[in-house]
Amino acid sequence: MRTLVIAGAALLLAGQAQAKTLGVAPGGDVQEKLQTALLDARPGDTVAIAAGRYELTDGLSLDVAGVTVKGAGPAATILSFKGQKSSGEGLLITSSRVTLRDFAVEDTKGDGIKSKGADQISFINLRVEWTGGPKETNGAYGVYPVASTNVLIDKVTVKGASDAGIYVGQSKNIVLKRSRAEFNVAGIEIENSMNADVFDNVSTHNAGGILVFDLPGLPQMGGHSTRVFRNRVVDNDTPNFAPKGNIVAGVPTGTGVMVMANRDVHVFENEISGNQSSAVMLVAYRFGFTDKTYNPLPRDIVVRDNRIGRNGWDPVFEGGKVMARAMGGAVPPILWDGVTTFPGLSDVVRVRLSDGPVGNLRLAKPGAFDQANPQVTPTYGDAVLAEPRPVVLPKAQAALAP
Amino acid sequence: MSRALAALGGLLGLLALGGAPLEPGQVELKFLMAATPAPTLSAYRLFTDDAGRLPNVGVMPYALNTPLFSDYAEKSRWLYLPPGAKARYRPTGALDLPVGATLIKSFAYPADLRRPDEAVQVLETRLLIHRRAGWTALTYVWNADRTEAKLKRAGARIDVSFTDATGQPRQIDYRVPNANQCKQCHSLAGRIAPIGVKARNLNGVFAYPEGPENQLAHWKRTGRLEGAPPPDKVPRTAVWTDAAEPLAARARAYLDANCGHCHNPRGMASNTGLNLDLEETRPARLGLGKHPVAAGKGAGDLELDLVPGHPDASIIAYRMASTEPGVMMPELGRSVVHAEGLALVREYIAKMQRP
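Protein sequences appear in the order of chains P and G.
So in the numbering used here, the last spot in the first sequence is 765, and the numbers never skip.
So in the numbering used here, the last spot in the second sequence is 356, and the numbers never skip.
Honestly, the hints are just simulated from the structure, not real lab data.
Model, not experiment: these values are computed from the prediction.
Just to be clear, a hint being listed does not mean it is correct.
[Said to hold, decoys possible] Residues on chain G that point at chain P, a partial pick, calculated with CB under 8 Å:
{"no.": "1", "residue": "Asn179"}
{"no.": "2", "residue": "Gln182"}
{"no.": "3", "residue": "Lys184"}
{"no.": "4", "residue": "Arg192"}
{"no.": "5", "residue": "Ala194"}
{"no.": "6", "residue": "Arg267"}
{"no.": "7", "residue": "Met269"}
{"no.": "8", "residue": "Ser271"}
{"no.": "9", "residue": "Asn272"}
{"no.": "10", "residue": "Ala285"}
{"no.": "11", "residue": "Gly327"}
{"no.": "12", "residue": "Ser336"}
{"no.": "13", "residue": "Ala340"}
{"no.": "14", "residue": "Ala344"}
[Claimed, not checked] In the DSS-like style, the derived pairs of lysine-lysine whose C-alpha atoms are separated by at most 25 Å in a straight line are:
{"no.": "15", "chain 1": "P", "residue 1": "Lys383", "chain 2": "P", "residue 2": "Lys433"}
{"no.": "16", "chain 1": "P", "residue 1": "Lys448", "chain 2": "G", "residue 2": "Lys151"}
{"no.": "17", "chain 1": "P", "residue 1": "Lys607", "chain 2": "P", "residue 2": "Lys518"}
{"no.": "18", "chain 1": "P", "residue 1": "Lys433", "chain 2": "P", "residue 2": "Lys518"}
{"no.": "19", "chain 1": "P", "residue 1": "Lys448", "chain 2": "G", "residue 2": "Lys153"}
{"no.": "20", "chain 1": "P", "residue 1": "Lys396", "chain 2": "G", "residue 2": "Lys151"}
{"no.": "21", "chain 1": "P", "residue 1": "Lys383", "chain 2": "P", "residue 2": "Lys758"}
{"no.": "22", "chain 1": "P", "residue 1": "Lys448", "chain 2": "G", "residue 2": "Lys106"}
{"no.": "23", "chain 1": "G", "residue 1": "Lys153", "chain 2": "P", "residue 2": "Lys383"}
{"no.": "24", "chain 1": "G", "residue 1": "Lys151", "chain 2": "G", "residue 2": "Lys221"}
{"no.": "25", "chain 1": "G", "residue 1": "Lys76", "chain 2": "P", "residue 2": "Lys448"}
{"no.": "26", "chain 1": "P", "residue 1": "Lys498", "chain 2": "P", "residue 2": "Lys607"}
{"no.": "27", "chain 1": "G", "residue 1": "Lys76", "chain 2": "G", "residue 2": "Lys151"}
{"no.": "28", "chain 1": "G", "residue 1": "Lys221", "chain 2": "P", "residue 2": "Lys396"}
For each residue, glycine too, the CB sits at the ideal point set by N, CA and C.
Put together the whole structure using the sequences plus the hints.
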């Protein structure tokens with residue numbers, strides 16, 4: 364066994380010693396050239412895509428671990444999928460320890476860049492954009508790691524996604540920082556995920572800025588421990604253009620931060636202003652579900668020390684306008700549906716909403732907005748809730764930088 | 002333990018075989034097992050003719066009760082087993098195939114689908130090879146003269162014209178998958194695995210040269226399959242085109258073959274929570290009352306995956322009816338709508354009772 368381990372280590376070292384760069388330049392059959400490089404790369408290799416525009420007809424994919432795919436910058440190396448004829452995304456990653464950096468993906472028919480089941484997946488200095496502006500026919504997600512572990516997203520820009528610009532789903536251990544999301548339905552979304560740090564991002568001109576959701580019916584549920592801090596969540600003013608059936612179609616235009624279900628979410632030190640419906644909204648999942656382990660209520664939520672500007676002057680959610688009129692023209696910046704019990708669940712719902720004023724809609728059950736009985740208080744709740752510990756990525760990944 | 006020993010025995014058998022001189026005309030097992038794929042299909046000698054139609058010794062033709070739709074291409078399938086090696090029966094999932102086993106599938110179009118045996122043009126032949134390290138997927142694309150097929154790892158597009166079953170001329174921008182796309186469909190918990198060769202989907206009659214016989218019975222009788230109970234004790238996938246079979250069984254068979262390879266708890270679409278394989282029984286996992294998660298525009302302004310009685314309100318039917326990437330399902334393997342498959346699934350949904 365011991366010899367085997369040593370032999371394995373030697374192999375690994377040998378592999379790294381021979382790491383090579385596979386260059387791809389514009390011209391010729393770029394579909395075949397790029398895909399062939401992605402197939403030929405061995406662990407430790409770099410696929411270097413030279414500056415230029417690459418017109419692709421089909422999705423690209425990488426299934427080799429330990430590969431870096433590197434362009435000459437998000438304004439210089441452009442993978443255009445305007446003429447895409449197949450695949451659900453532009454670039455698909457299904458292997459671990461992959462770094463994607465310094466290029467752009469434009470106009471994919473479905474999602475932009477997706478990773479599935481990858482460990483240590485890093486998206487650095489990328490741009491994913493639908494160049495025709497926000498449209499319902501744009502792809503759903505720009506950057507889309509799902510069922511992945513150790514996710515790093517740093518200095519990524521996403522524009523025009525018809526669902527979430529940057530979406531991390533059913534993943535664990537996530538750092539999402541210094542990125543920019545604009546003109547998407549949701550700027551940034553963390554869904555059914557554990558341990559996420561979302562900070563120093565700008566989310567603007569979306570319908571909703573930053574969402575932290577937990578949904579039923581999925582292999583990974585029970586999302587928890589997300590810190591949303593030092594972000595600028597401002598002027599989210601693009602009318603929600605999501606296709607109706609999608610869960611984000613229910614995000615009111617002009618929502619700053621929205622937490623749906625989920626546990627241990629701390630929202631602090633953000634700048635939140637210019638969002639017409641509300642600054643921060645905490646709501647229960649409102650549709651039916653059959654999973655006995657699913658909890659539809661947001662709980663253990665802290666909202667503190669945010670710089671809350673003008674928000675909530677023209678709320679577009681159900682009953683919002685009536686509420687605004689009753690409250691002197693605007694709804695409180697922090698809104699909570701106030702659902703604290705759910706049949707079959709014994710978890711206590713605790714909150715500390717020390718920014719305010721807080722509007723507690725005091726709904727009897729999820730989604731019963733027509734029966735809102737709002738109560739406004741300067742703050743709400745004083746639960747002592749420990750902040751989730753900072754997310755720590757593996758050393759080599761944490762050292763990656765734009 | 003006995004399984005491990007058997008596997009070891011098989012491995013030793015292979016090693017011995019690798020050293021023995023090949024009979025003229027024998028399948029080149031050592032090329033199948035080599036880490037570097039052969040540049041041409043003929044190198045493996047899986048066929049005895051240049052056109053890839055006549056299988057060599059040890060290469061057995063088979064058919065599936067309900068196959069995946071592939072843009073109306075006609076698919077011919079063969080299984081190669083090394084000399085002396087046997088497939089092992091499993092009641093669910095693909096048969097347990099020994100190292101060296103190779104699944105071979107050729108995609109072809111007759112000039113006129115109403116005369117499927119005439120003027121047939123083969124486009125590509127795909128191999129799924131069971132090597133010691135696991136399964137490998139390779140694709141070989143035929144030349145214009147159909148005399149040689151060359152390895153194509155990065156995929157390709159081929160213009161195809163034919164006359165369809167209703168007599169209409171059709172043109173298809175046929176897509177040969179790249180090696181990763183092979184795996185996207187053939188992925189089970191992140192590793193490549195066979196899809197079609199499930200006992201239940203093989204449990205049907207095949208027209209052998211010596212006469213029709215149940216495939217599992219035939220393989221057992223000829224010493225290529227062990228551990229299989231008699232066919233009537235084996236689960237059976239319905240034949241989706243057989244109107245004599247129950248509608249639900251046909252539709253579930255169709256969804257299993259066309260969606261279940263990704264939409265299962267260990268497939269590429271596991272994260273959706275929608276499972277369409279035949280083993281799934283929970284209504285919510287089969288799409289009833291299920292909201293889309295990551296469908297984007299694929300939801301088509303509809304709210305639920307499957308609404309009993311209402312195909313027009315069901316996202317499953319909407320996505321089957323689309324040819325737009327990002328909307329259409331499956332994501333890979335078709336560019337046109339499978340009108341007949343869609344009609345079956347729509348009828349199934351229309352007649353479905355609320356649970």
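Now for the hints, and whether the structure bears them out:
no.: 1; hint: Asn179; in the structure: holds (5 Å)
no.: 2; hint: Gln182; in the structure: holds (7 Å)
no.: 3; hint: Lys184; in the structure: holds (6 Å)
no.: 4; hint: Arg192; in the structure: violated (11 Å)
no.: 5; hint: Ala194; in the structure: violated (14 Å)
no.: 6; hint: Arg267; in the structure: violated (10 Å)
no.: 7; hint: Met269; in the structure: holds (7 Å)
no.: 8; hint: Ser271; in the structure: holds (6 Å)
no.: 9; hint: Asn272; in the structure: holds (5 Å)
no.: 10; hint: Ala285; in the structure: holds (5 Å)
no.: 11; hint: Gly327; in the structure: holds (3 Å)
no.: 12; hint: Ser336; in the structure: holds (7 Å)
no.: 13; hint: Ala340; in the structure: violated (19 Å)
no.: 14; hint: Ala344; in the structure: violated (23 Å)
no.: 15; hint: P/Lys383 - P/Lys433; in the structure: holds (13 Å)
no.: 16; hint: P/Lys448 - G/Lys151; in the structure: holds (24 Å)
no.: 17; hint: P/Lys607 - P/Lys518; in the structure: violated (30 Å)
no.: 18; hint: P/Lys433 - P/Lys518; in the structure: holds (14 Å)
no.: 19; hint: P/Lys448 - G/Lys153; in the structure: holds (19 Å)
no.: 20; hint: P/Lys396 - G/Lys151; in the structure: holds (17 Å)
no.: 21; hint: P/Lys383 - P/Lys758; in the structure: holds (22 Å)
no.: 22; hint: P/Lys448 - G/Lys106; in the structure: holds (24 Å)
no.: 23; hint: G/Lys153 - P/Lys383; in the structure: holds (23 Å)
no.: 24; hint: G/Lys151 - G/Lys221; in the structure: violated (34 Å)
no.: 25; hint: G/Lys76 - P/Lys448; in the structure: holds (23 Å)
no.: 26; hint: P/Lys498 - P/Lys607; in the structure: holds (13 Å)
no.: 27; hint: G/Lys76 - G/Lys151; in the structure: holds (18 Å)
no.: 28; hint: G/Lys221 - P/Lys396; in the structure: violated (46 Å)
Against the hints set out earlier in the document, violations occur for numbers 4, 5, 6, 13, 14, 17, 24 and 28.
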